[in-house]
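J.: Let's have the full structure, built from the sequences with the hints guiding it.
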Amino acid sequence: MLQRLRRRRAENGQTSVGKGPVTPTTLLDPIPIPSGDPLETVLLSAGGPVGVGDLELVSPTLETIRSAGVELIVPLIGQGELLGALYLGPRLSDQPYSSDDRRLLGGLAAQVAPAMRVAQLIREQQAEAKERERIEQELKVAALIQQTLLPKELPAIPGWHVSAFYRPARAVGGDFYDFIPLGDGRLGVVIGDVTDKGVPAALVMATCRSMLRAAAQRHGSPSQVLAEVNDALVPEIPAAMFVTCLYAIIDTERGDVVLANAGHNLPYMQTSDGVVEIRAAGMPLGLMPGMDYEEKRYTMGSGEIMVLTSDGITEAHDPRGEMYGFGRLMSRVARRSDDMVTAVVSDLEAFTGPDAEQEDDITLVVVRRSSSAQDSALAFESGELLDAFTVASEEGNERVAIARLAEVVAPLGFEERDVERLKTALAETVMNAIEHGNENRPELEVGVEVRATDEVLTIRVTDQGGAKEIPEAQTPDLEAKLAGTQTPRGWGLFLIEKMVDEVRSTSDGRTHTVELIVKRKGAL
Amino acid sequence: MDSEFRATTAPLDDGSVVTLVGTVDRGAKETLEAAYAEATSRPGRVVLDFRGVDYINSTGIAVIVGLLARARAEEREIHAFGLSDHYREVFTITRLADFMTIHDDEEAAVAAR
Numbered sequence: 001m002l003q004r005l006r007r008r009r010a011e012n013g014q015t016s017v018g019k020g021p022v023t024p025t026t027l028l029d030p031i032p033i034p035s036g037d038p039l040e041t042v043l044l045s046a047g048g049p050v051g052v053g054d055l056e057l058v059s060p061t062l063e064t065i066r067s068a069g070v071e072l073i074v075p076l077i078g079q080g081e082l083l084g085a086l087y088l089g090p091r092l093s094d095q096p097y098s099s100d101d102r103r104l105l106g107g108l109a110a111q112v113a114p115a116m117r118v119a120q121l122i123r124e125q126q127a128e129a130k131e132r133e134r135i136e137q138e139l140k141v142a143a144l145i146q147q148t149l150l151p152k153e154l155p156a157i158p159g160w161h162v163s164a165f166y167r168p169a170r171a172v173g174g175d176f177y178d179f180i181p182l183g184d185g186r187l188g189v190v191i192g193d194v195t196d197k198g199v200p201a202a203l204v205m206a207t208c209r210s211m212l213r214a215a216a217q218r219h220g221s222p223s224q225v226l227a228e229v230n231d232a233l234v235p236e237i238p239a240a241m242f243v244t245c246l247y248a249i250i251d252t253e254r255g256d257v258v259l260a261n262a263g264h265n266l267p268y269m270q271t272s273d274g275v276v277e278i279r280a281a282g283m284p285l286g287l288m289p290g291m292d293y294e295e296k297r298y299t300m301g302s303g304e305i306m307v308l309t310s311d312g313i314t315e316a317h318d319p320r321g322e323m324y325g326f327g328r329l330m331s332r333v334a335r336r337s338d339d340m341v342t343a344v345v346s347d348l349e350a351f352t353g354p355d356a357e358q359e360d361d362i363t364l365v366v367v368r369r370s371s372s373a374q375d376s377a378l379a380f381e382s383g384e385l386l387d388a389f390t391v392a393s394e395e396g397n398e399r400v401a402i403a404r405l406a407e408v409v410a411p412l413g414f415e416e417r418d419v420e421r422l423k424t425a426l427a428e429t430v431m432n433a434i435e436h437g438n439e440n441r442p443e444l445e446v447g448v449e450v451r452a453t454d455e456v457l458t459i460r461v462t463d464q465g466g467a468k469e470i471p472e473a474q475t476p477d478l479e480a481k482l483a484g485t486q487t488p489r490g491w492g493l494f495l496i497e498k499m500v501d502e503v504r505s506t507s508d509g510r511t512h513t514v515e516l517i518v519k520r521k522g523a524l
Numbered sequence: 525m526d527s528e529f530r531a532t533t534a535p536l537d538d539g540s541v542v543t544l545v546g547t548v549d550r551g552a553k554e555t556l557e558a559a560y561a562e563a564t565s566r567p568g569r570v571v572l573d574f575r576g577v578d579y580i581n582s583t584g585i586a587v588i589v590g591l592l593a594r595a596r597a598e599e600r601e602i603h604a605f606g607l608s609d610h611y612r613e614v615f616t617i618t619r620l621a622d623f624m625t626i627h628d629d630e631e632a633a634v635a636a637r
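Protein sequences appear in the order of chains A and B. By our numbering, the letter at position 283 of the first sequence is numbered 283, and the numbering carries on one by one without gaps. With positions in the second sequence counted from 1, the corresponding number in our numbering is that position plus 524.
Just so you know, these hints were derived from the structure itself, not from any lab. Ideal Cβ placement from N, Cα and C applies to all residues, glycine included. Possibly wrong hints are sitting among the right ones.
Stated by the list, open to error - Counterexamples of contact, computed for chain B against chain A with all Cβ distances above 10 angstroms:
#1 Gly-590
#2 Gly-606
#3 Asp-622
To be verified - With a straight-line cut-off of 30 angstroms between C-alpha atoms, the simulated DSSO-like cross-links for lysine-lysine are:
#4 A/Lys-197 x B/Lys-553
#5 A/Lys-152 x A/Lys-481
#6 A/Lys-152 x A/Lys-140
#7 A/Lys-296 x A/Lys-152
#8 A/Lys-519 x A/Lys-498
#9 A/Lys-481 x B/Lys-553
T.: This is how it looks when you write it as structure tokens:
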């Protein structure tokens, strides 16, 4: 960047300022000297002011300078670089510049140049700092958008265990995942990745997520959902940006998984025969309209696991530059683990090393189908026993049970609202046990056991009515009750199901057990 | 366990207020129905004051449903106030809240018409 100015000089050789009979000072528009112009070379090597009349160069810049009436160029040089130049017009006395004038101007230039260099450096640094701040701010916004839109909680489905892991890279890529309840025991599962990073990627992710949610409610087929989202996304998405995305619909009653894949990492199924990749062909979303997406089906058996990943996992590098890759991921998934998310993440961390900066977002969604009884027993037995007591089967004793529960859970950090919900759920469960299980026979006891893991609190209520059928909770028909065509009663099971995250009933022919399960705050 | 329930009735400008105290379960049925009958000997709405209620269970909800059924047959408005946040949620979940007007406090309940 070159600073140029011309001063008409007063007759006494000083720059004219203010009043006086002299021609007023005029400023010239800046005339930059492009890098590589022959004039630059001349000025750098001149060792002092250069008279324009002495120069014979083929340089358009020199012509511009000459025609602006410049007579003398005083180069400002610092550390071998041309930092700027002073352009001076003819002396007001019409005398040529003397060698004294030139020496004086040369000395002045030697003083000015270093100061100008410092000023330039400071300005560059300030611009850099501003740019860094802008980037930081943008990263914050991108992270905020992304985190706001990722699911706040995981679906709780009896007989299934869903877990997810998301860790953004510093520059925040465009990974996302989503769970979409579809009714009739069906669950939509999405994992995707927007090319590009930062705010643009986060905005595309937000758009894509909304489109997926809307399309998922309209179509029961994953290929139709992806085709529709693709067509909707093409006109919205910036050029050269696209989205890889896998969409699966799980029928949680039957274990059937139907999926389509828009160019995302292949899903892995961990089966008793090893790991199976499910290949469903499809182009990434947002590239071109009218795409078809292949659909694949798989029926998950008890204990089988589906693992969905983003390329932040498979494309992570170790310190020698080797990629983690699909092979390592597949062999990690092949080894059984009760906590596949942690298993994969620790394996990846061991590979990249402890100090590695994460290159891209890492996203992992693991869906496990397990038999409800196994799952329940596992979760319950692994919890810490907080309390176990019994109450006699007499009306009103549910209040004894909830008073004791309130004391037991007091140190666990539940919010008051959650404690109240737990109390209502337990009261109703104990009432059912007293009345229906034990038929109000005071000599029969209702057992209550409270256990907690870091993730869940589980309350087990056991009565002696094991041989009886366990009724299903039905949504009471309030209109019918108000019209008198249905008994006003029948609220117990309905309330219990609304008050806790999950209710499980089991029976062994002698006893009947109901488990109330609530997630603890802060647990995934 | 103490499951006592009491209910008293007082007139309002435009109906009556029934003050419930104690536990609302099936044991509250007769007392509450008697209080309702007394309240509805006057014309106008019935305001239920739940401030003194410490526990409501599903059998108590059934009792309130019975009351709402009677009120609906008689085309009488039911208002309520003094419910804890938790029981307000229970009333919402069970949709009882759709058939009565629930107010934040006594002042709002009395002022409403």
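J.: Would you mind marking each hint as holding or not holding in the structure?
T.: Status of each hint after checking the structure:
Not every Cβ of chain A is farther than 10 angstroms from the Cβ of B/Gly-590; the closest lies at roughly 5 angstroms, contradicting the non-interface assignment. Taking the minimum C-beta to C-beta distance to chain A, about 16 angstroms, the non-interface status of B/Gly-606 holds against the 10 angstroms cut. Not every beta carbon of chain A lies more than 10 angstroms from that of B/Asp-622, the smallest distance being close to 8 angstroms; the non-interface claim is violated. A distance of roughly 64 angstroms separates the Cα atoms of A/Lys-197 and B/Lys-553; the hinted pair therefore is violated under the 30 angstroms criterion.
In summary, the hint linking A/Lys-152 to A/Lys-481 is not supported, as the alpha carbons are separated by about 37 angstroms, beyond the 30 angstroms threshold. Pair hint A/Lys-152 plus A/Lys-140 holds up; C-alpha atoms about 19 angstroms apart against a cutoff of 30 angstroms. For the hint linking A/Lys-296 to A/Lys-152, the alpha-carbon distance of about 29 angstroms falls within 30 angstroms, and the restraint holds. Distance check on the hinted pair: A/Lys-519 and A/Lys-498 sit about 14 angstroms apart at the alpha-carbon level, within 30 angstroms; holds.
Our distance criterion of 30 angstroms between C-alpha atoms is met by A/Lys-481 and B/Lys-553, whose separation comes to about 16 angstroms.
Of the numbered hints listed earlier, those contradicted by the structure are 1, 3, 4 and 5.
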